Each structure stands twice: as C-alpha cells, then as structure tokens.
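Let the hints inform the model, and build the full structure from the sequences given.
Under the numbering used here, read the sequence shown as residues 1 to 359, first letter to last.
Hints were generated in silico from the structure; no laboratory data involved.
None of the values given here were measured: they were computed from a predicted structure.
Misleading hints may appear alongside valid ones.
Restricting the straight-line Cα-Cα distance to at most 25 Å, the calculated cross-link-like pairs of lysine to any residue (SDA-like) are [stated by the list, open to error]: (1) Lys304 with Lys349; (2) Lys276 with Phe251; (3) Lys109 with Gly64; (4) Lys120 with Arg105; (5) Lys266 with Asp301; (6) Lys266 with Ala227; (7) Lys58 with Val115.
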Amino acid sequence: MARYAGRFQGKAWLGRNLRSIALRGIALIGAASLATQPVSAATTCMRGINLAGAEFGKVGDAYGKGYTYPSAETIRYFASKGFTAVRLPFLWERLQPKLYASFDRAEAKRLAATVELVRKAGMVVILDPHNYARYKGDLIGTDNVPQSAFADFWRRLSVRFGTEADIAFGLMNEPHGIAAEDWVSAANSAIAAIRQAGSSSLILVPGTAWTGAHSWTAGDYGTTNAAAMSAIVDPKNNYVFEVHQYLDLDFSGKNDECSRAADAVKALSDVGTWLKQNNRRGLLGEFAVPRQPECQSALVDMVKVVESNPDAWLGWAYWAAGDWWPEDEILNIQPVRTVDKPQMATLLKAMSENASCGR
Numbered sequence: 001m002a003r004y005a006g007r008f009q010g011k012a013w014l015g016r017n018l019r020s021i022a023l024r025g026i027a028l029i030g031a032a033s034l035a036t037q038p039v040s041a042a043t044t045c046m047r048g049i050n051l052a053g054a055e056f057g058k059v060g061d062a063y064g065k066g067y068t069y070p071s072a073e074t075i076r077y078f079a080s081k082g083f084t085a086v087r088l089p090f091l092w093e094r095l096q097p098k099l100y101a102s103f104d105r106a107e108a109k110r111l112a113a114t115v116e117l118v119r120k121a122g123m124v125v126i127l128d129p130h131n132y133a134r135y136k137g138d139l140i141g142t143d144n145v146p147q148s149a150f151a152d153f154w155r156r157l158s159v160r161f162g163t164e165a166d167i168a169f170g171l172m173n174e175p176h177g178i179a180a181e182d183w184v185s186a187a188n189s190a191i192a193a194i195r196q197a198g199s200s201s202l203i204l205v206p207g208t209a210w211t212g213a214h215s216w217t218a219g220d221y222g223t224t225n226a227a228a229m230s231a232i233v234d235p236k237n238n239y240v241f242e243v244h245q246y247l248d249l250d251f252s253g254k255n256d257e258c259s260r261a262a263d264a265v266k267a268l269s270d271v272g273t274w275l276k277q278n279n280r281r282g283l284l285g286e287f288a289v290p291r292q293p294e295c296q297s298a299l300v301d302m303v304k305v306v307e308s309n310p311d312a313w314l315g316w317a318y319w320a321a322g323d324w325w326p327e328d329e330i331l332n333i334q335p336v337r338t339v340d341k342p343q344m345a346t347l348l349k350a351m352s353e354n355a356s357c358g359r
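Spelled out as structure tokens, the structure:
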C-alpha cells in the first residue's frame, strides 16, 4: 500500500509501540484446497488482517529503527478476535539485497520467525513482497530487473516456505505502471518457478493498475486485467486473483472519508460476477474505512459482498494494523492500550452475523 508505507522513515517518527492483549488462536483449515473450486457458504473462508511494519522505512535502515515485524502480542490479539489469516508485507530488497543471490540471513530469519508466530496462533500466512512490481525502483521486466530475477526470487522463497498448507504466496503488492500483458508474463514466470521448486501452495495473483476492483475492467495501461488474466498459467491450478478496493473519493485510501462507498461496493460485486463467469475465485487483499460512523455500514457491506459469495471469494484482509502505526492513522485498527478501534467493532459485528463462514 503506497498510501502510507513511504511516509514512515523510522521508529522515532512513528511513536511508541502499542501493546495488546493475547488470547486464543483460531485455525483456518484447508484454505489452499479451496482455491479454484466453487464452494458452499458453509465452507471455511478467510478473514485476514494486514500486519504492516516490515515494509516500512528505506532499504538499508536498521531493524528496530526503520522497520519492524509484528509482535507476538499483536499476532495473538488478532487471532483472539477470530481473524484467520495474516497478510505479511515485507520488502524484496531487504530479503534479497542482490538479484539472483541468496537471501540475507538475518532478514530471512526474522521473516521465518514471524511466519512461525502466525502459524502457532492458528492463522494462515500470506507472504506479501510489498514492492509494486519493482526492485530498487526498477520495474520487473526491464533490463535491470528481468522477469527471470523475479522468478528466481520466488523459487528461493518457495523452497523455504512452499511445503506448508497454511502459507500462501502473494506474488506482488499492487503492480502499477506496467502493461497487463507484461505483468501476466512476469506472474507466469514466478508461478512456473514456484511449481518447478515442488510447491503446491496457494498463489495470489494481482492485476496491474494497483489491482483495484474499480479498475479491473478499465484499460489503464491498455488491455484490461479482466481480459489479460485469462492468460495466467498454473500447472497446479491452485491460484486466486487478489484485488484491493478503498472507498474514498479517488479509491486510494488516503482520504479521511468514504464518499465513494457505493461505487466501491458495486466494483467489488462486479469483480465477483467476473470471477464466477470465469470459474475463478478472488481475495480482497486490502480494503478499509476511516472511523466515522457513516463509514461503518459501508465496511459491513464490503464484508457481506465477499462472504455471501463463497463461490467467487476466498475471503478478505483488512488494511491495516501493526505495532508501529501512529494512533491517529485513519485506517489503523491496532488497539490502543487494549481498546478496540471502531472499525474492529464493525468487523466483529459483520463476522458474527455470518455464522456460515465456518470457523
């Protein structure tokens, strides 16, 4: 999510860490096996949270000063609330400082430790290289970052994490500035590398144009995502499409209002129709509203669109939480001194109203 991550340059700017209560974990069973099949409303669905922090700061910043990973307390807090998945953003360049080279040992250890904390809490992990189809500022598919480098990265990541059913692979956060055909080609190279490494893990495939639901059928860079995504190839046929959707005036998530809520809900419904028509499923990988009372009903509507159509949607992941968010960040649902944010109360209400979303 470009809207916020670039603003964080260090712990001092962010303010103090927030601490939260630790209660119980809830397991998500069989998410990967549901990736490509229409299912009934009684089937397990994914209710996720984006735990930001490892994508903060600049490449080269010291751990604990420029960026962080979510704490065990934060992870357990969201498990206790009934969340079943964590989308875990991190930076490609930190994990792999040089293309085609081994991962940085310290960073790989931090990532692996966090993955294990999430799994021990009973939640699925979605690995999310939060790079916008770029490496050190250069687009995938350019001379500086060939598609083969992207494939190599995913081959290495799948060797480390590709044997566990409760770890899913989000290929890339919000590709943009790249033609849909070029992005599909890059995604296919990564998928092939993952499968050649022996992994059957669930893969989340975003579109270009920030993978917005509102722009899924719009040709921002020529061919639309809706047209181009038919060329995705997965030998295991275990993938879903990942879309993001915000509800403010420009669908960016930057603005402290939700004036385009009706348009956002319709866009999500339209993508759901497209998914059904193409016998695919999707994940709403980012969405959020600010705290105003008038925005809470729209948040419920977004959840309902997803959870009432399990033949189209695997689930959702709210943006965002994490130990270093400032208390006044408009979309943040990290608790303050164990007190839930208004959006959390709304999500819990929506979740309680859909008992058929199996837990």
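Status of the hints after comparison with the structure:
1. Lys304 with Lys349: holds (11 Å)
2. Lys276 with Phe251: holds (24 Å)
3. Lys109 with Gly64: Judged against 25 Å, a Cα distance of about 15 Å means the pair holds.
4. Lys120 with Arg105: Satisfied, since the Cα-Cα distance of roughly 22 Å is no more than 25 Å.
5. Lys266 with Asp301: Satisfied, since the Cα-Cα distance of roughly 10 Å is no more than 25 Å.
6. Lys266 with Ala227: holds (19 Å)
7. Lys58 with Val115: holds (22 Å)
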